[in-house]
Amino acid sequence: MIKDIAHFSEMHDSNGKPRGPYVHYDDWFDKQNNERFAKKSQEAEAFFRRTGITFNVYGQQDAEERLIPFDLVPRIISSREWTKLSKGIEQRIRALNAFLHDIYNRQEILRAGVIPIDLIAQNDAFLPQMMDFSPPGNIYTHIVGTDIVRTGEDDFFVLEDNARTPSGVSYMLENRETMLQMFPELFSAIPVQPVSDYPKNLRRSLEASAPRGCKGRPCVAILTPGIHNSAYYEHSFLADQMGVELVEGHDLRVVDGHIAMRTTKGYRTIDVLYRRVDDEYLDPLTFNPESMLGVPGVMDVYRAGNITIANAPGTGVADDKAVYSYIPEIIKFYTGEPAILKNVETRRCSDPQQLKYVLDNLADLVVKEVHGSGGYGMLVGPAASKKELSEFAEKLRARPNNYIAQPTLSLSTVPIFTDSGLAPRHVDLRPFALVSPNGVNITPGGLTRVALKEGSLVVNSSQGGGTKDTWVLED
Amino acid sequence: MLGKTAGGLYWMFRSLERAENTARLIEAGFRIALTRSTTAEAEWQSVISTLAAQQAYEAIYDSYDSSQVVNFLLRERTNPSSVLSIIKSARDNARLVRTALTTEVWCAVNETWMLFTDLLKDEVPQTELPAVLATIRQQSGLVRGALHGTMLRNDIYDFCRLGTFVERMDNTARIVDVKYYSLLPAPSFVGSHLDNVQWETILRSVSAHRSFRWAVEEDFTAPAIAEFLILDRRMPRSLAFSAGQIVKSLSHMAEEYGTRYASHEMADALRTLLLKPDIHSIFDEGLHQFVNEVIDSTASLAQQIEIDYRFTG
Chain R
284 MIKDIAHFSE MHDSNGKPRG PYVHYDDWFD KQNNERFAKK SQEAEAFFRR
334 TGITFNVYGQ QDAEERLIPF DLVPRIISSR EWTKLSKGIE QRIRALNAFL
384 HDIYNRQEIL RAGVIPIDLI AQNDAFLPQM MDFSPPGNIY THIVGTDIVR
434 TGEDDFFVLE DNARTPSGVS YMLENRETML QMFPELFSAI PVQPVSDYPK
484 NLRRSLEASA PRGCKGRPCV AILTPGIHNS AYYEHSFLAD QMGVELVEGH
534 DLRVVDGHIA MRTTKGYRTI DVLYRRVDDE YLDPLTFNPE SMLGVPGVMD
584 VYRAGNITIA NAPGTGVADD KAVYSYIPEI IKFYTGEPAI LKNVETRRCS
634 DPQQLKYVLD NLADLVVKEV HGSGGYGMLV GPAASKKELS EFAEKLRARP
684 NNYIAQPTLS LSTVPIFTDS GLAPRHVDLR PFALVSPNGV NITPGGLTRV
734 ALKEGSLVVN SSQGGGTKDT WVLED
Chain W
166 MLGKTAGGLY WMFRSLERAE NTARLIEAGF RIALTRSTTA EAEWQSVIST
216 LAAQQAYEAI YDSYDSSQVV NFLLRERTNP SSVLSIIKSA RDNARLVRTA
266 LTTEVWCAVN ETWMLFTDLL KDEVPQTELP AVLATIRQQS GLVRGALHGT
316 MLRNDIYDFC RLGTFVERMD NTARIVDVKY YSLLPAPSFV GSHLDNVQWE
366 TILRSVSAHR SFRWAVEEDF TAPAIAEFLI LDRRMPRSLA FSAGQIVKSL
416 SHMAEEYGTR YASHEMADAL RTLLLKPDIH SIFDEGLHQF VNEVIDSTAS
466 LAQQIEIDYR FTG
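Read top to bottom, the protein sequences are chains R and W.
In terms of our numbering, the first sequence is numbered consecutively and its last residue is 758.
In terms of our numbering, the second sequence is numbered consecutively and its last residue is 478.
Keep in mind the hints are simulated off the structure, nothing from the lab.
Take the hints with a grain of salt, since some may be wrong.
Stated by the list, open to error - To give an idea of the interface, some chain W residues facing chain R are shown, with a C-beta separation under 10 angstroms as derived from the structure:
#1 A171
#2 R196
#3 L199
#4 R256
#5 L261
#6 T264
#7 L266
#8 T300
#9 Y346
#10 L349
#11 A419
Note that beta-carbon positions come from the ideal geometry of N, C-alpha and C, so glycine has one too.
Put together the whole structure using the sequences plus the hints.
Structure follows, in structure tokens:
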């Protein structure tokens, strides 16, 4: 059981009164009847199924495609709160890109001793093939989905930077579409900042990142591992919304020093590749020779400056959880300013003293794999059984470098709609940012993930989490 | 358009057409089994051979019992041409080419798949069979309607149409091929009970038992039926009609792309082959040989289309 600690409720204050951003919504909700709301909830689910907004679950044959449950109660953020968040995210992303450029070129941050060399030298995500190369605009992470959690009125923490290939943006867009269909009256009464420009901005941002030698309007394509990938729906959705081709490795080859896609009229050059394939599978000639998902020779074309790959190969070196623990120092080093958004206090188990602390306090901590994602392979101490704790302790002792530990945060709650009315559940927030030589663009809102099980702190869709529409109010 | 996308569209519509044709064949076979049970076994055998599924079928069963055949054709997972397998494959292709489809077409295919995954979850009892078969044709009509009503008339549309008519051509030709002996003008059999059954089944398996009566002012005779199925360009499942549609789609593409390929010549030749004034010249040549020539030419044309439009690398 989770210990009973007071959680910050985003909708209601301790007196049960709605907080500022929720005043109008609360007023509207009071006039709704539960049956109609339950019916809307079913309609929304049917809509998601029919349009195929599903994700694939690995390792489950029969239930190959699942819906991510969608909750009809929006998560509402005031314009003031958003301003702070978006400033903080922008600062962080600029620092991450500066860090990546430095790591793959002069490595001043290592020389200055701000972070230990081992953090890079022993990092699997570091790609020596990227050394002494600068992508257009020195941008490595073009598309970012920063995970943010909240614990109090003014307490926001960054949980993960997701600088490699963040997913979930299609849900941000579809959730809003669904809400617009279900409750049009809400949007005429409450001024909510739109999110629908995202696909247009994504395309612009990618085009602006095209190689310098590119003539005419840049040709953009999305590279997907294929229809069995867990995020395939999102890949096809984004290609459709942007009006660009969705390609797989076997559609591509190197033609005259460029990457080209096989069309019904012959091969056509691609200038910007938004890849949703991991580094390891990108180029069988450079990385995993077994990979069927990538394009042989793409790294040579990339280094010759004939294609932009977004996000850049090797970006992962900036978003593992060990590097994460140094982000405040990294921001300070490159921007000269203190971090606007706080980090969660993070203990690196590679340090023997820290490891001892973690082992002694395992039941109170959340332990994660340094390279893990999706909520796989992590331990939520307060929710674990004695047996699970002792098994995990063994893993920690065997491979301490592989883990970091964080305190169990008392995540804020937003109500979900249940059969018996509103009930508080824990949430996080993933806003989506686009980076190009023209600047950083953050869509107001993002994806709110919600742990549907009472008391649960795990919001990942692969672990039974759901989503909510996220509103940022107009000023 | 990506070559892969063109291939996905083409195969998606081949699959949908095949599912619909399979439903028609089951319908015709089922009717025989109900009304003339003595010939049912032979009829099911010819249905299976029309669908080129003998090997897969005989790997599981050693007799042609109605409920076995129906189950095999509707929902057997090891049968790549069962309605369930083929609708899954159509839907996989639709996901692959999602960006080329309108929401209406995509939703129609996705709903069809959801519906059949559910309808064919368990064996279909005889009492439910007519309703299930009707649903297949209805859903197929829904997808086709969405295609006609919402898609731009560009190369995407043309690849969809090509898939439909290549499959339909092959299907009708196979029906004629398997039953060619009953379509030969053999005076001694005319009017016999057996022929009448065969003719009715043939017409039913292309949904033409009614339209034949309206279109052809003649009683059931072998030559009239053969002519209707092979040469009649008013009949939407005839070989001549299908060839005409294939030529039409390919011509659109030649115009749009500004290039003619080998497939254009092959399609023209196929259409010319089917521009006979009447059925008798085909009988003179030999119905069986003629239909086989059509089947082979259709297969070569299909291969050439894949090459010309770069479906695969």
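Each hint, compared with the structure:
| no. | hint | in the structure |
| --- | --- | --- |
| 1 | A171 | holds (5 angstroms) |
| 2 | R196 | violated (34 angstroms) |
| 3 | L199 | violated (35 angstroms) |
| 4 | R256 | holds (9 angstroms) |
| 5 | L261 | holds (6 angstroms) |
| 6 | T264 | holds (4 angstroms) |
| 7 | L266 | holds (9 angstroms) |
| 8 | T300 | violated (17 angstroms) |
| 9 | Y346 | violated (42 angstroms) |
| 10 | L349 | violated (43 angstroms) |
| 11 | A419 | violated (12 angstroms) |
Hint compliance for this structure: hints 2, 3, 8, 9, 10, 11 are not met, and every other hint is.
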